[in-house]
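Let's have the full structure, built from the sequences with the hints guiding it.
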Amino acid sequence: MQVAWAIYKKELKVYFVSPLAYVFLGVFLLLAGAFFYLGVTMTGEASLRVMLGNLAIALLFLLPLLTMRHFAEERRAGTFELMMTAPVPLWAMLLGKWGATWTLCVALLAGTALFPAILAYYGEPDWGVIATSYLGLLLVCGAFVSAGMFSSSLTDEPVAAGMVGVVLLLPFWIAGTLAELVDAAWLRATLRHASFLTHIEPFSRGVVDTAALAWFGLFTFAFLFLTWRSIESRRWR
Amino acid sequence: MNQQLRRRLAYGSNATLVTAMVLGVLVLLYVLADGSRARWDLSADAANTLQADTEAKLTLLDADGLPVEITAFSHQRGKEDSALRDRAVRDLLVELDTRSTSLSWRIVDFDKERLTAERLGVNDYGRIVVQRGQDRVDIKDRDLFRRVGKGDDRGLEFLGEAALSRAFAQLLAPTRRVVYVLQGHGEPSPTERGPGGLSDLVAALDIERYDVEPLDLLRTDREGNAPVVPEDAAVVVVAGLRGPLTAQEEDVLLEYLGRGGPLLLALDAGQPLPVFLPRLGVRIPDGLAMDTVLVFPYKDRPVPVYKSHPITETLREGKVVTMLGAPAPLRLVEPAPAGLRVDPILVGGRESWIERGGESVGGSAVFQAGVDGEGPTVLATAVQLLPGGGVVRPTKPAARVLVLGDSEALTNGLLAEGPGNKDLALNAVHWLAGDDQRLGATKGRRTAERRLALTLEETDRLRWISLLLLPGLVSILGLATWNSRRGR
Chain R
370 MQVAWAIYKK ELKVYFVSPL AYVFLGVFLL LAGAFFYLGV TMTGEASLRV
420 MLGNLAIALL FLLPLLTMRH FAEERRAGTF ELMMTAPVPL WAMLLGKWGA
470 TWTLCVALLA GTALFPAILA YYGEPDWGVI ATSYLGLLLV CGAFVSAGMF
520 SSSLTDEPVA AGMVGVVLLL PFWIAGTLAE LVDAAWLRAT LRHASFLTHI
570 EPFSRGVVDT AALAWFGLFT FAFLFLTWRS IESRRWR
Chain Y
123 MNQQLRRRLA YGSNATLVTA MVLGVLVLLY VLADGSRARW DLSADAANTL
173 QADTEAKLTL LDADGLPVEI TAFSHQRGKE DSALRDRAVR DLLVELDTRS
223 TSLSWRIVDF DKERLTAERL GVNDYGRIVV QRGQDRVDIK DRDLFRRVGK
273 GDDRGLEFLG EAALSRAFAQ LLAPTRRVVY VLQGHGEPSP TERGPGGLSD
323 LVAALDIERY DVEPLDLLRT DREGNAPVVP EDAAVVVVAG LRGPLTAQEE
373 DVLLEYLGRG GPLLLALDAG QPLPVFLPRL GVRIPDGLAM DTVLVFPYKD
423 RPVPVYKSHP ITETLREGKV VTMLGAPAPL RLVEPAPAGL RVDPILVGGR
473 ESWIERGGES VGGSAVFQAG VDGEGPTVLA TAVQLLPGGG VVRPTKPAAR
523 VLVLGDSEAL TNGLLAEGPG NKDLALNAVH WLAGDDQRLG ATKGRRTAER
573 RLALTLEETD RLRWISLLLL PGLVSILGLA TWNSRRGR
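Those protein sequence lines, which keep their order, are chains R and Y. If you're matching positions, the first sequence starts at 370 in our numbering and goes up one per residue. If you're matching positions, the second sequence starts at 123 in our numbering and goes up one per residue.
It should be emphasised that the hints constitute simulated quantities derived from the structure, not laboratory data. Here the structure is a predicted model, which is why all the values come from computation and not from measurement. We treat Cβ as the ideally placed atom computed from N, Cα and C, and that holds for glycine. Some hints here could point you the wrong way.
[As the list claims (entries may be wrong)] Simulated coverage check for chain R against chain Y, where a stretch passes if three residues somewhere in it have a Cβ under 8 Å from a Cβ of chain Y:
1. 373-382
2. 406-415
3. 498-508
4. 511-521
5. 536-546
[To be verified] Anything over 10 Å on all C-beta distances counts as not near chain Y; from chain R, calculated:
6. S387
7. L398
8. N423
9. A427
10. L434
11. R438
12. G447
13. M452
14. V457
15. W460
16. A461
17. W471
18. G480
19. P527
20. V528
Have a look at this one:
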């Protein structure tokens, strides 16, 4: 665990001493501000539902850009072999990298804390709904980061890794929309179960659902597991 | 095959198998988690929590196993609150879906999916179609939302859960049942459309899947058989007698009660009464039920107070007034005959009394000791006749009877005028017919709209704070970091 902690700290330091995190944070907060302003002025409601819903979509495109460098960059720089031969368990490396990127997501979302404060100043927001919405977004971030790490493990090109990450996540997003167009009830139910939208939705209404918690947890674990298999396969390929 | 390829194949197939197995286990874990989910509603007023009555109906639907398909059509885009309405409907359907294994739903864009609308014969926005097997219930938008409040408190009340709950109840009782209305004594007619007729009650019962048929106990059928209450009678209504029942009619009705048949007796002051009424634990003394609190501007319409009973539950919760026109006071026989359970459901206020003439002030009756009867009055009472209690045969189920001290309350005139009259009548029929699960206590609720009233100046300020303040601060922080790194 100490190894994972060391990797976590190292990755986090890399984020915050380079301008990358700040550029990312700036773009993210600009988008969040735009979504917040549009949501409030268009609906006239003291709610973050529009902002948080759109931020989840934005994260689908942004987070693979953040995770693309995890393994692809290491391979391109030639440090991957060094990493693989070091006495570091693979799980510790995965956990450290995933944890650091997820912590950056926490920082991103913490940056939007001003918006609920604005709502509280002008109106009476539903704090239960706001709390669960943020919880939902944190779970989404965890899932996106793990899928992004998997895409990064597949290729040597960081940009390609980023694009693969988006392509990997997109079906899980549009499955919910596709479900509305399907007549067969079993297919509609399957698509809904596969969709991020279905599982974020309870959180956006103030509901904490154990099935949704399980879905995000298992999704995150599944892609971390696939990343592990993908990296390990380099040993015998 | 060289050794390297063999090695790759062995490792590769092993890795693929293990990966597939792990992913299979994860899917299985999700299925298990989905099947035994727990939910905590942290929203204000627990806005996402279904009411117990709705959950009970979902359980009944699931027990039957027949799939229920809900198709909800979108609201007209651009119209006030259309997004809010669509969202409220979607949220409810999602919530219902999580609580039911037999329910499936979809939202249909009315403008884009005209074929679906045509297939279902829908030509209006916001309609919900609930289908189960061959049965179908439509819910119109006007039954889903209601404007409430004024000024700053103006809002939208979402009645979707109540409407869907009623639809489920209708689907749970797919066979139409028959309500017989006694005729031949000058009673209001089920086909009469005027203020004194029962046509509106018949129409309301039709929606609730009850057919209404006239019942004539005075004449034989064409084969000369003595009149009886048909076996398919869900409820018999005796409302507004203007002439006495014959002894034979009383016997037929008692025989019907004896086999557990439900009876609605709506009797009026100063009119003939069934002789068997005291056997039901009720008497109607002379006079009118009167109260100091009256329905404005009438002088003879006391405002009834609801007592706790399944028939009155929704009316009590909704604080809906039922209007009775010059009702007869009921007196409960004391001690109550054996084998009876008598529960008053409508009573007069603490200062109510039985008006028998005497003084009046400004045209309104006042209580005059020695002339008028003491209150408080009973205006309607539910009676359960237990098997073996003297009326109902021991082998038959308990008979339910409702005695209402006014027949006008069921007529078109008061059904339209009295806010609670229709619900009282329908609830009474449901209770009498034993359809207790249709006596929903499901209420409407305000949609989760929390308005922000911003001035133009505040909106402008909000724009700059949202778009510039935070990204600006982060940019400064980023530049400072970059500058300090460059200096090293």
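(request) Compare the structure with the hints numbered earlier in the document and write down the numbers of the violated ones, lowest to highest. (result) 1, 4, 5, 6, 7, 18
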